Each structure stands twice: as C-alpha cells, then as structure tokens.
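Please model the complete structure; the sequences and the hints are all you need to start from.
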Amino acid sequence: MKPEDFKARFDTLTDAMARAVVGHHDTIVDLLTGVFAGGSILLEAPPGLGKTLIGKTLAAALSMKATRIQFTPDLMPADIVGTNVVVEDERGSKEMVFQRGPVFANVLLADEINRATPKTQSALLEAMQEHHVTVAGTTYPLDEPFLVVATQNPEDLEGTYRLPEAQIDRFLFRLRLAALADPEWIEVVRRRTGAAEQSVRPALSKDDVLAMQAAARQVGISREVCAYGARIVAATHPDGNGAIEPVRKFLRLGASPRGLQAMVLGAKVRALCDGRTDVAASDIRSLAIPALSHRLLLNFEGQAERIRPQTIIEAILNAEQSGICNV
Amino acid sequence: MKAAQAVAAFATTFDAICSEVEKVMVELRPVIEDVVVALLAEGNVLLEGVPGIGKTYLVKTLGQVLNIRFRRVQFTADLMPSDILGTSLLVQDEHGKRLAFQPGPLFTHLLLADEINRATPKTQAALLEAMEEHSVTIGGVTTRLEEPFFILATENPIEQDGTYPLPKAQLDKFLFKLLVGYPSEKGLVEIVMRTTFERYPEATQAASGQDIIRMRQLVRQVPVASHVEDFALRLVRATQPDSPHATETTRRYVESGSGPRGLLAILHGAKARALSHGNPFVSRDDIRSVALHALRHRIQRNLDAEAEDLTADDILHRVTEELREA
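As given, the protein sequences belong to chains A and B, one line each in that order. Going by my numbering, the first sequence opens with residue 14, and the numbers climb by one from there. Going by my numbering, the second sequence opens with residue 2, and the numbers climb by one from there.
If you are wondering where the hints come from, they were derived from the structure by calculation, not from laboratory data. Hints are not guaranteed to be accurate.
Calculated cross-link-like contacts (lysine to any residue; reagent style SDA-like; alpha-carbon spacing at most 25 Å) [claimed, not checked]:
# : chain 1 : residue 1 : chain 2 : residue 2
1 : A       : 132       : A       : 95
2 : A       : 107       : B       : 97
3 : A       : 78        : A       : 42
4 : A       : 262       : B       : 310
5 : B       : 24        : A       : 144
These numbers come from a predicted model, not from an experiment.
Here it is, written out as structure tokens:
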C-alpha cells in the first residue's frame, strides 16, 4: 500500500469520527494510530468527557463486529470469554456447547475496566495478549483484527481496582482526554439537543484495516532512529546512568521494552500518515507520552507530590533536546 | 565411549535449545541457560524482574522449542486454588449424572505463574504443592502431572500494597531464583528491530519432552568427587550464622541461612551445568556458577543488612570471598 492510499483511508476514518465526536482531534488521531499499529488502547478521563462515545464511534466507523462490555465489580471472567452450557437437542440427548462471550469480536469496548475485580480484568488482558481464549481446556482463536478500546476512570476514584503493572503494560497506548474548550461545550450541547441525526457511517472495512496494519509493519526504521527511542526509554529508568533529577527523585519503575515497541509501532503509522516510508525521530518523539506514561510507576515521593508521569516524560524530552543529559 | 557420546550429545542439545530460545530473547543468554539448567535439574525457577522484559516469551518459546504444552496464569488477589488446579463439575451424559474433573491450567508442561506474590497464601500454596509433588489431589483423587513439568514463577521486585510475599518455607521450594534486569540500549534496539516488522520471530523445535526426560536421567548419573561435595557443603553452611563454618559477614548480617535444600539445589544444578559444558563430572566452577542462584532466596538478612542496604547477593559475594581467603 502506498503512503498516499494509507493516508487517504486514515483521513476518511478520522473525518467519519469527527462527525460524531466534538473536539478531541489529537486523541482520535492517536487512537487510530494505535489501532493501525495493532495494539489495544486505554482511554482515561473523568466521567462525562466522551470516552465511551469515542469508543462507540470507532466501532461504528469500522464495518466489523463490535461488542461492548460494561465492567462492574461483579462481572466474572465467563461473562467476557464465554462459558460451556448444557443444551438438549431434539432427540433429548444433552451435551456441552460453548457459548461464545463478547470477547469474540473485532472491536471490543471495555468500559470502565478498572471497576472489575483483578481476575476478570486479567481474563480480558490475556485474550488481548494471546488473541485466543481457553475455556475448559479447549482453545478458541479470536478473529483478526482484534482491537480492544478500554476506558478507565482516574485511579483515585472510589470503587476502582488498580490494574497491576504487568497488565497495564499490555496496552500499547494510554490516552488521556483533554478538557474541552468553551466553544466545544456549546457544540456538544447543540448536537445533543438538536434535531439533526448524528449517525456514523462505516468508513473502512475489515480488509482495509488488516491491509493497513500490515502496511504499517513494513515501514522501515534505521538503527539510529531506533537508538534515539531506546535512549528515551532508558532515560526513564531511575537507577540508570544518565537519569535526570525528576526521574531519580520521583520514579520507582521506568518503561519496559514494550514501551519502545509501542513507540516504534506507532511511529511507523505516523510516518505513513506523513507520506514517508521510514520512521523519523520526530515520529518517535510525538508518541513518547501515549506509549510510555502508563508504564512509569511513581515512588512514594512522586505520589505525595502528585507528579504526573507525563510531566516527567516532557522533562526527559526537553533535556534531550537541549542536550543537558546524555539522553 | 558410549557415555562420552551421551555427554557430548547432551551439550549439543543444550546449546541448540538455548540458541533457539535466544533468537527471540535478546541479551538473555545467561538467564536462558540457567532456566534450562533448572529444568534439567528437575527444579522450578523463581524469576524476579520488572514487567515487559519478555518472561512470557521465554516460557512460550521454550515450549515451542521443546514442542511441549505451555500455559500462563496471571496471579491476582482473587485467584482461587481451583482456578489453577481445576474443578469437578456435575455433568450428565448417557450414563447418567456424574462428577467430571475439569483440569485447570496447571495440567500442562511449562507453566508461567506471573506475579505469584499477588495471590493469597492459600492459592500460592496450591501451586507450590503441585510444584513439589508433581501431582494434585482434588476431591480425594490424586492425578499425576505429565512430565516434564516445570514452573517458572515471577515476582515483582517492587513491594506494593496488596501483595503477599512468599514465606521463606515456600521460597525454599524453588531450585533457583534468577534476577533479570532491563536490557541495555543496544539490546532495546535489537529487540525492536526483530519484533516490529514481523509479529513474532518464530523459533523452531530443537528437542522434545522425551529428550528432556532422558537428559534428566543423565544428570542424575553425573558423579561428584567428595572434595567438590565438601566445597559445596562448606559454602552452604557458611551462610548459617551459628554454624562453625560461618564467616564474619554471615554472623554480622544473616538472620538465618540456607537449609539442606540449598545444598541439594547446588549439587543437582551443578551436575546439569557440568554436562552443559560437556564435562562428565562436577567441578568447583560448576558449583560456583549455580551457588548464587541456589542460595540468594534461602538466606534471610537481618536488620543490620537492611539498614546498610546490603542485598542477599552482596552478602553471598562477601561470604564467597571470605571462604576463599580462609
């Protein structure tokens, strides 16, 4: 696929989504970047900012099988993957049949994932990682593409179970929704209370998505650009040699190799959208926050000072640019 | 002559397995070798490392390379013993109603028990019992697990709220505890170059489960000279603060040292290590190369050591030095 074709399809999808979602343009671009990089996305925002709307709009704009699961404290793993039930056929003999759960879809919206108990969360994340589920000893593959868009409320909200580090690391990007500007508030209200229908028409097919994902993987990257990304990841390690002050002071754990993979996979999509067939350092840089912020773990001091991981990544990028540290 | 061939074949297969896994795991050759040594010494491994360094891939690839089954279980605070072992269900078929056992994920060859310290003690104990006995008992029926059976459990190095650290008696059941850190920047580049073009670099089969069982038998036949045995014994007893072999560091920093399982782990591991180099007997170097892995989780530091931020590894390095000087 040529970069122009890729970009044209990418833009069709962005436009389709913008018809239903007011604002959040950058978030939508990052979300779609993650989708074509083949990963799962975690959307984080306080209630009411439109997390679910973004997810639902994405599902509607792709003509693929979409399902939605509302996570609650009493949701069980079987509610996600499915379960064996006894059925009786016309001759009266009973047998066990596997009833597929909502995970058998191409686009899965997992709403408020951190409200479920840890075992249920891990059932979803395992499916996300492995692209198959195992029930009572039988393994069922999931259809490709398999995209998960999970939403979560900020972690300090009551009644949430924090995702364990190993689990949250499995999300390609975490995107935080920005607050809306005043004109956008008005626009939301106008659309919601107005008469015009806001239906989203499918913009891309399953084959389009698969072809675009495959095209993204083929984008080249030089060792130098890759090393640049590796330096940013290494700079998040609090006991690393070149660690800058906020990293040493506020972090307990830095980003894993998966963080670099996420940056590079996303950067490949960015390059195509920019009409290039190889990754530039700026592509990597633009994805540092979505790809790394959820992988940094604050220490006690960082938590007490209410430091945001995003701020630390910005500090690393600035230090790198001005050449203060040997990032 | 035949024995010499068997030893040479052992070393070749060992190298083939490790090289195949290494294709997927960048910069982790030492860890891969130690894991395979533990597998061949009939032990299980506790791996301490941060998330995202490829622990799942390591076990999965090992499963592919040996063409044996693999499962991963994410441990969480609400995981129950039956989620691992399996459970009995009431089923009805042509013979009427009966209880049928639905085997859990434990019924595999290689099991990755991820973040084991997130589960409650009862669930941890269920896993460790299976690990020790290679069998499980549910509803009064004991089922043997298929060989080779091997557990790689991982533990997050960062202590957090809501985790249940393994008690010393449980830790003792692991043959080795291995530490894995972040890859270097060069390693990171290599990982990304290998994994962002194709989905997974494929590893091909290098040996079979039957080979592992045969290799395990050969490991048991390796002789250990009495002076080498003695060397290992002194090393283990030197970690016990009230033994006559205790060194100064031990008396100062160790609360309690390694028990007999530590010696067992060293000797069994060293036998596999020796064969991996193509040697039909155990040398002191083999003992040294596994001692740290066999002992680091078996010594308990005292408050002085914690206050001075000395790790179990620091203490063991010092003790080894002191023994050399003595």
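Okay, the hints, checked on the actual structure:
Note on residue 132/A and residue 95/A: the hinted pairing holds, with a Cα-Cα distance of about 15 Å set against a maximum of 25 Å. Under the criterion of a C-alpha separation no larger than 25 Å, the hint pairing residue 107/A with residue 97/B is consistent with the structure, at around 10 Å. For a cut-off of 25 Å, the pair hint linking residue 78/A to residue 42/A stands: about 22 Å separates their Cα positions. For the suggested pair residue 262/A and residue 310/B, the alpha carbons sit about 18 Å apart, so the restraint of at most 25 Å is met.
For the proposed pair residue 24/B and residue 144/A, the alpha carbon gap of about 23 Å is at most 25 Å, so the pair holds.
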